[in-house]
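Trainee: Please put together the full structure from these sequences, using the hints given.
Chain by chain, the residues run as shown.
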Amino acid sequence: MSKLIATKAIRGAHTLVKRAEEELRLAIQQKGPATKVEFPNTGYYLPVSHGILGLHIQNLEGLQALLDEAKKLLPPMPSDKLWVPYLGNTLDAGMATLFADEIIEAIKYTQDPLPYLLKANPDEEHLWIGAAGDIIMRERGIEFVDGTAPGFAACVGYCPTNEIAVKIARELQEKNLYVFMSAATDGKSMAQQLREEGIQMGWDTRLVPFGNDVTATVHSIGFATRVALSFGGAQPGDYQRVLRYNKNRVFAFVLALGPVDDEKHAQAAGAINYGFPTIADTDIDQILPSGICTYEHVVSPVPHEKIVSKAIEVRGLKINITKVPIPVPYGPAFQGERIRKEDMHVELAGQLQPGFEFLTTKDMDEVEDGKIDVIGPEIKDVEEDTQIPLGIWVEVAGREMQPDFEPILERQIHDFINCANGVFHMGQRDINWARISKEARAKGFTFHHFGTIVHAKIHGEFGKIADKVQVRIYTREKEVVELREVARKIYKQRDARMADMTDEAIDTFYSCTLCQSFAPNHVCIITPERSGLCGAYNWLDGKAAFRINPTGPNQPIKKGKVVDAEKGQWQDVNDFVYNNSHKTLEIFNAYSIIEYPMTSCGCFECISGILPSTNGIMIVYRDYTGMTPSGMKFSTLAGMVGGGVQTPGFIGHSKQYIGSKKFISAEGGVKRIVWMDRVLKEELAPILEEIGKREGMDDFIERIADETIAITEEEVLEYISKKNHPALAMPPLF
Amino acid sequence: MKTIAISGKGGTGKSTIAALIIRWLKDQELGPILAVDADPNVNLNDLLGIRIEETVGAIREEMKRSAHKLPGGMTKQEFLEYKIHASLRETRDFDLIAMGRPEGPGCYCYANNLLRDILKTLSDNYKCVVIDNEAGMEHLSRRTTQRIDDLLLVSDPSARGVHAAARISKLLTELDTRVGKKHLILNRVKKDIPDILEKCIEKHGLDLFSFIPEDDTLLRMDQSGKPIWKISEDSSAYQAIHQMMGELMKKGKNDI
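As given, the protein sequences belong to chains A and B, one line each in that order. With my numbering, the residue at position 528 of the first sequence is 528, and numbering never jumps. Each number in my numbering corresponds to the 1-based position in the second sequence with 1000 added.
Check the hints yourself; a few may be wrong.
[What the hints assert, rightly or not] Just a few of them, taken from the derived set where beta-carbon distance is under 8 Å, the chain B residues facing chain A:
{"hint": "1", "residue": "Glu-1029"}
{"hint": "2", "residue": "Pro-1032"}
{"hint": "3", "residue": "Glu-1081"}
{"hint": "4", "residue": "Tyr-1082"}
{"hint": "5", "residue": "Glu-1090"}
{"hint": "6", "residue": "Asn-1125"}
Don't read these hints as lab results, they were simulated from the structure. Note that CB positions come from ideal geometry on N, CA and C, so glycine has one too.
Mentor: In structure tokens:
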């Protein structure tokens, strides 16, 4: 970043802190240190100092402590000769500015007459309304949390013409953004321009004139701070959480209109602390590299017709207004909300009542879009604290709709319903469970609204494939139990389809690097036919985990060009493994135990190892503590196989993998098994039997040795020779 | 949200203190409260006068055992979340979750990873979370527990007890767990605290935050198996908790 802009911001901060000191001195002199100081109607004291420092300032004397903090933060002016990194200092200067702002604004509230109108909307005489009370903050702040309003634009200065001011305000309004206005330049401000054009302002129209003074900009930041305290669960003084919450959740930015002086630079520096970037219409120095904000920090000069879209882009804001028409707030922030029994009006399905959720495809003329029926009692018909059944039956029609999408859409019902405030939802299919709070009921939430949510969200998120959606909500036991049987039949068919899924049929695998904390070079590749070696993750879990946490340890990997179909080698998978094993593994075969086999972390359920003289392999489960024919116990083998290194001849894997058609298929598969520990052999008996039959052997299990039969390689060879084990007739292992 | 964990060596009465704290939080209307019984012996529920049907440990084992035959189409994350929510015991004043047995052999990275997220989301629903910890601190060291604001190290008024508390305190520092403040609580104090014990506390660098006097009411309730939850507000133990918690909650507020 440029030294120039840092200098301006730091100089601005110095000016403001000095002004705060002077005004505070005067105020104490005139009114006495015990004079009460407050922003009216708020329980958050002076919100920035309360949120960031945990201060409870209540009188002029208390402001002194805040002034001391501001002074402490104030960095020295950059010298003409010395060049040092400035971002840290600039941020400190920004925070000091916000503290100084708050002191100056707080003193304003001790004046008579008050410079601000204490109402939600300006009137004929008074334009500036100052800090918002808590009622407004809660009412409006929740819109930030539930996504109704994505954020706010703090507009400082004025536009070249009134017409441009109106245009920018309208454009921001259309995006559902709040427009906070403050800081006149040379007596001119955006709010005055809007007033001259007869535009209705106030919280009702989302055009909020805070104050004429540059220091009134702190009311925007104070608002954001209170949102973090009130909705983000941040404790006063937990500044990290306050700032992080704002960066991640409150999509705000500063629009600097017209000339930007030192003091406005200082405000911009304050906003950067919160992750709010500044976009200017004039040519000021930029701060481009990201670090605190999601992308750039200060961008200029941006023409007026592009300034709103540029701001949205720089702040990383995704405008997605699919408002769900229900009487309670709705948004991802309410996921994971549990409705306590004490607060619950009604419980649906769950442990005590039957339930199901089912989605199916219909022809276009069979679905009436938006039709929602409740069959059985509505919420008004059920008493408080009762349990009733719940069946959600969804019918979707669409030109692009396919039966394959049904389970995907159906699984979304949980996420959709869970986003409603005051509604708890768990599970899916025939183990669903919901609760509706007394509060949601009081606000008018009904069973019908389950349908409303599903209808709106399927359109919003799957509009490409779904053209029409209708929903039936069943709350009577008879219908729920009957239809659950119908649904269960389909669930079964879907599962069978899933079980038949092959690696060839899909083009994406998932990685798992969860265990890299202790095996830094290990990468699991999870395919439909080879689950993670710990047995915990299968391909569907990997897919779901990626959807939940797109930057987590499970990443999608396109297979890319097939290098060797038999051994399970793909170009893009090789590349992924190379890059994510810290460049230690170049080639990876999914289905081979001999050539470039998959590595292990240490979490494997089983270890397979070759027994060279038998032309076969042994498998030992991790609970087996005895000796194996390889001459090593499980623990010794584990030390050799784990840690992210390829050990030709040995692999760690899940139990499930043994039953897969791809189990060491490069070497001939399950028929190679000559020894297993007894417990494992018994557990997998049904699978082994089936595979044996497929190969024309009714007694395949009999031919596999275990520790009660053989514990040395010689003994195994002797036994399998007697039993005519198929491995003996197979091509040599290597 | 305020998270308070209580720990100490076995038999020092930490579960009793946990129960008293939960009762106090309820009396002060600081709920909703989530009580977490992280002691494998699982007895906090008895002190609170409710029954436990299922523990998180048992659910975790079930998930691992039947990993291949989970309900169709459900991921393990969803399954675990559902089961844990269903295992929660709910009363008017607090909800209780029991962690149960520690893990057996095998790999628990995955299960614990899921568990941590689920418990974190769950506890966000409460104003106060009270964790009755076992001495081994499995859940802290395994990071299945989220950040703790105040850790109360409970000891009887003996040098051995104080040594044990100091060990736990040290262990936590070494494990780099996220604990805000650590306080030493002496339980069942008969009269005064002898100088020698005070010196011992000082030597270990512990902060003697409060002591709870020996209380006959409490003793009788214990002997007859009556839930501590129902203790009278006049009892000396409750009064001591009242004073201690008042201090603790006040401290939290003014922290910068």
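Trainee: For each hint, tell me whether it holds in the structure or not.
Mentor: Outcome of the hint check:
1. Glu-1029: 13 Å, violated
2. Pro-1032: 6 Å, holds
3. Glu-1081: 7 Å, holds
4. Tyr-1082: 5 Å, holds
5. Glu-1090: 4 Å, holds
6. Asn-1125: 4 Å, holds
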